[in-house]
Amino acid sequence: MSDTPFKNPGWAGNTGEFELSEDQVRGDDFVGVRPVGGSHPSGAATYPYMLPGKDPEAALFEGEYRERFEKILSRYPTKQAALLPALGLAQEVRGHVSPQTMDRVAELLDLAPAYVRGVATFYTMYNKAPVGRYLVQVCTNISCNLCGADDVLAAFLRYTDTELGETSEDGNFTVVEAECLAACGFPTCVQINSRYFENVGPADVPGIIEHLKAEAAGGA
Amino acid sequence: MAYPYVSDREVRVLSRNFGDPMARRLDTYVERGGYQALKKAFEMGQDKVIDEVKTSGLRGRGGAGFPTGVKWSFMPKEPTKPHYLLCNADESEPGTFKDRELIRWDPHQLLEGCLIAAYAIRAKHVYVYCRGEFFETTQILAKALEDAYAKGYAGKDIMGSGVDIDVTVHVGAGAYICGEETGLMNSLEGRRGQPRVKPPFPAAVGAFGMPSTVNNVETLSAVPHIVTHGGQWYRQWGTEKSPGTKLFCVSGHVSKPGNYELPLGFPLTDLIEDVCGGMRGGKALKAVIPGGSSVPILNAEECADCALDYEGVQAAGSQLGCASVIVMDEGTDIVKQVRRMVQFYMHESCGQCTPCREGTAWMTKVLRRIEEGRGTEDDLDTLLQMSRQMTGTTICVLSDSAAAPVVSSIQKFKDEYLALIRRGERVGAA
Amino acid sequence: MADTPNTVTLTIDGQEVVVPKGTTILEAAKRVGEQVPHYCYHPGLSSPAMCRLCLVEVEGAPKPMPSCVTQVAEGQVVKTQSDLALEMREGVLEFYLVNHPLDCPICDMSGECNLQDYVHQEGRKHGRSKEPKRVFGRDDFGGDVLFYGDRCVMCTRCVRFMNEVEEDSRLCVVERGNRSVIDTFFEKGLEGTYWHGNIVDLCPVGALVSKDFLYKARAWDLDHTQSVCPNCSQGCNIDLHTRDNLVQRLKPRENLEVNGWWMCDYGRLNYEWINHGHRLEAPVVRGGGNVRAMGWSEALRALLDAGAAAPDKPVRAVVSPYASNEDLGAFAALVEELGGGDIVYRCATAEDEVPLKGYPGLARRRELAPNCKGAELVGAKRVGSADGRGGLEGVASHDGIVLVLGDALADQDADFGKGAALYVYVGQRGGPATDAADFLLPATSFAEQEGTFTSFRGRVQRFWPGLKPPGAARPAWLVLGALVAEVTGGAAPRSAADSFARLGQRVPAFGGLTYEELGTRGALVNETVTLSGD
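Residue numbers (the working numbering), protein chains in the order written: chain W, 1 to 220; chain H, 221 to 650; chain B, 651 to 1184.
If you're looking for bench data, these hints aren't it; they were derived computationally from the structure. Some hints could be false.
Per the computed footprint, the stretches of chain H lying under chain B, defined by three or more beta-carbons under 8 Å from a beta-carbon of chain B, are [said to hold, decoys possible]:
id, stretch
1, 566 to 575
2, 579 to 586
3, 607 to 615
The following label-pair restraints were derived from C-beta to C-beta distances [unchecked claim]:
id, chain 1, residue 1, chain 2, residue 2, range
4, H, D490, B, A711, 38 to 44 Å
5, B, P782, W, S21, 49 to 55 Å
6, B, T657, H, D490, 58 to 64 Å
7, H, L604, B, D894, 50 to 56 Å
One-sided and incomplete, this derived list gives chain W residues near chain H with beta-carbon spacing under 10 Å [said to hold, decoys possible]:
id, residue
8, L60
9, G63
10, E67
11, R75
12, Y76
13, K79
14, V119
15, S143
Ideal Cβ positions, reconstructed from N, Cα and C, are used throughout, including at glycine.
Isolated chain W, as found in the complex:
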């Protein structure tokens, strides 16, 4: 979670009737960097997802990640039920869910690899191939669509210089369309890695891209 004082174009701080800072709306005292070891087991499955620094060869699971994995396992009556959180944890570490990752997770949970493949490919959020440092997901579903989501998407593609679904040459950005992100009152909603950017208009896009590039270069 970045602590660079970047002004998100919208969060009601400047569109609504509430005088709030972005941190207050986001709940910065709650939403910080979650402890890797998972803190209390009841919330161990919540994860940052797609850390900027991914290691496709990382071990599954070692150290604090192993701790978190064990905590997750303890919350379900069957090992199989931990499959979705386990795949998410694997993706957090490795950046995407490859066949080797599916095989390893299957091994950890005593499941057949083919079964894990069937489950992993059902869900949209498991990346089957590596993606850029920042996965830019632009909602183009109806509420955002009515308020110009197509233009926002076009702006992102233009300023990252990529095709839809492809990764930019510098490896920083992959831009995709997303289905409704449940922020319809703040069109257009864009999710970049774990973070929601709301009330994004085409004019806001260059600023967002510059900020992210600077973050990437600064090694955040």
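Since the structure of chain W is provided, determine the placement of chains H and B on it from the hints.
For chains H and B alone, coordinates are given in the frame of chain W:
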């Protein structure tokens, strides 16, 4: 008050803490009377709690509108197996954004509701199934839950009552169909999130094969208030058959989109003109989808007399669903928006049932062709016939939901389709 | 207190039917002769009710009901052929055809395809989709299975079979919605599984096809003959599919007490040996430096004379566990009439059984032949090693009468039976080991005659001839039975049933069983006999 705009027509029950960043802290919540409802529930006893919720007439706020107290009463009174409460926080219906606000502003209200509900249905474990995209939201909930555990409001021997209830935040991975109750249960079990055939019903065979109840976030958030003030109190708002307040998610071409908590039965025209500050840019109203993309579209005429409760919207020709009001002005390209909605259903279909798997894809292709000016008039007959074949023939209602906008738009906005088909003319920009 | 009945009475298409409680409408409809179209339902698998093809109209229900999971209710009125039901099913079939390729001319399944049949019966006359079809291409799943993804109707029977019956999850559904397709775990396919051939049977369309059968024969050219699998002692009920007097493939036949709906890959793919040529086609007699082919009567007369002239020593005999009960019975009777002696048999034996975990009682058994039990019941003893060789030292060098039924003697040399007073070989093929035979009598294989096998569990099951025997080959029971009749002065058996009845008179285990009783399902031998080697 709802967020990000406030209206004096609102009734502030569930949304009273929206916009207050202190409210999500446990100490603030307790200071303001939090977890007293839970204590009272333990004193009342399980069956009395169910009765109180039945009296209130609270109906499921996830879209189906099934009476919550009745749903709870389906659970066995003498458990021979573990019971589970599943909180449905997989908010993915296009146009809906109330659950996210409820969790991020008032997580303890939801947790208290979950604990009371779990107690009432004799469950010892609650799974809050949150959609995977809700990273920030789930972290707020997880932190709130951690604080609750630390102070003895969750886990073993809650507040010294001898009642044990565990809560786990479970995270999904991007599938709208996991918001369907049996799809949710399958996803929780670590399977593909495909809906199950009913019967057997969740109260008999649910999560992990055990009796389970699935409730929406908004429904559970209302429970502490009903327990505190009584079921009859809840009926002071709304109508006989649709009592209480509802969070209306208004999006689209209004001046002040956002969540508003209003009594059920509130007139749709007042919502748009008064509460939301009228149409954006003073444009004329063209169409409204009153309950999220799964319900039929209403044209401006039908909106005129529409009361926003379950019966009222049905009388106007649509359904209230989850009360996500999507407002479209005169510049809207209806065909494009219908295509986008059907494309959403195609993307989200689980693929089990043939009419849905093949039908949503076929419909999207036909609509795209019409949108690009390459449609023919018998395409419209084909679409209507397809809709008939997709309604009532599948395991879940995603297929029916895909057909609803198609049927209603062809019935009410046929001229737009015909303009594209006959002259390649498109109406509107958005 | 009145008993609650455990049957339900309902009306299906105007006919009243009484069925046990808990029966589904689809199964109940079968009883009044209505075959409701369906894909994903199969009695041996779970019922996901997802194909939506089995929709029927139920009076009082708000929408059409899937008959494969909807249980019958007292007084229910079901219409499977009403306008609503037909309209709904026509609609579902139309959806299937939106993306299904017009592969019939090149698809193996043509002629036995459920999609062809259902569309012909209930589908629309013309398709309405003008959109390009989605393409998945052909995928090699490993083992004997090829997958044509475009043809798949997503019934998931194959996935569920591997999960629930073989209990080795090798297949999965990948992606969701209209992108969903069946696949393996990347490069790891079906190799190393033993029952995967069944998914080709289960597939209602030509999406899963057998590599062995690919482009081999058209379904409508094949004759089907009920038989029993000859490749191990389980006794799976099968059908021989034949054309041009060759076995083209084997398919399992339903028998819930033996093999359910299944057969193993070893048995299924091991049929080419039935088609091998180089058959003995006429009786051959060797005598006085001559080798002559002759007709049956002449040959048998010569044999009887030779038998009468032979010294009074015990007979040493070899039989094959591929011979039918009737063949073995007649052979044992002949041995007795010739003064008695030892009968032995060899059988290739595998190290392990290969059970089908999800169907208890079914396995590829260790004995890789169909009638070891039958041989044992007529008094034969097993000899030789696990690969079915050796153990014939006593027979090879015997100086009395040597009789062989069916055993190919592949491991024996030209010295076999050289010193015998009389060496008679009754079987399908000659070889070096039959060079010294005085009489070579051509016999039919199991595929060319009517008869029975006895499974390892003692179940006697009938099979019928699917092939025409070559030349003058005759069933062994007919030839040997005639010999016995001549010696004893009785009448020769005129039919396999007759031969079986005579067997029952000699061997108590078979006593009382008749062909009528056995029917197409079989029955257990009497329990009264203990067997060697058990």
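Checked hints:
1. 566 to 575: It holds, with 10 qualifying residues against the three required.
2. 579 to 586: holds (count 6)
3. 607 to 615: Since three or more residues must qualify, the claim that chain B covers the stretch 607 to 615 of chain H holds, with 6 doing so at under 8 Å.
4. H/D490 <-> B/A711: 38 to 44 Å: Cβ of H/D490 to Cβ of B/A711: about 40 Å, so the range 38 to 44 Å holds.
5. B/P782 <-> W/S21: 49 to 55 Å: At 52 Å between Cβs, range holds.
6. B/T657 <-> H/D490: 58 to 64 Å: holds, 60 Å
7. H/L604 <-> B/D894: 50 to 56 Å: holds, 53 Å
8. L60: violated, 17 Å
9. G63: Not OK, violated: W/G63 not within 10 Å of chain H, min 21 Å.
10. E67: violated, 15 Å
11. R75: Because about 4 Å separates W/R75 from the closest Cβ in chain H, which is inside the 10 Å limit, the hint holds.
12. Y76: Given a least distance of 8 Å, the restraint on W/Y76 holds.
13. K79: holds, 8 Å
14. V119: holds, 6 Å
15. S143: holds, 4 Å
Against the hints set out earlier in the document, violations occur for numbers 8, 9, 10.
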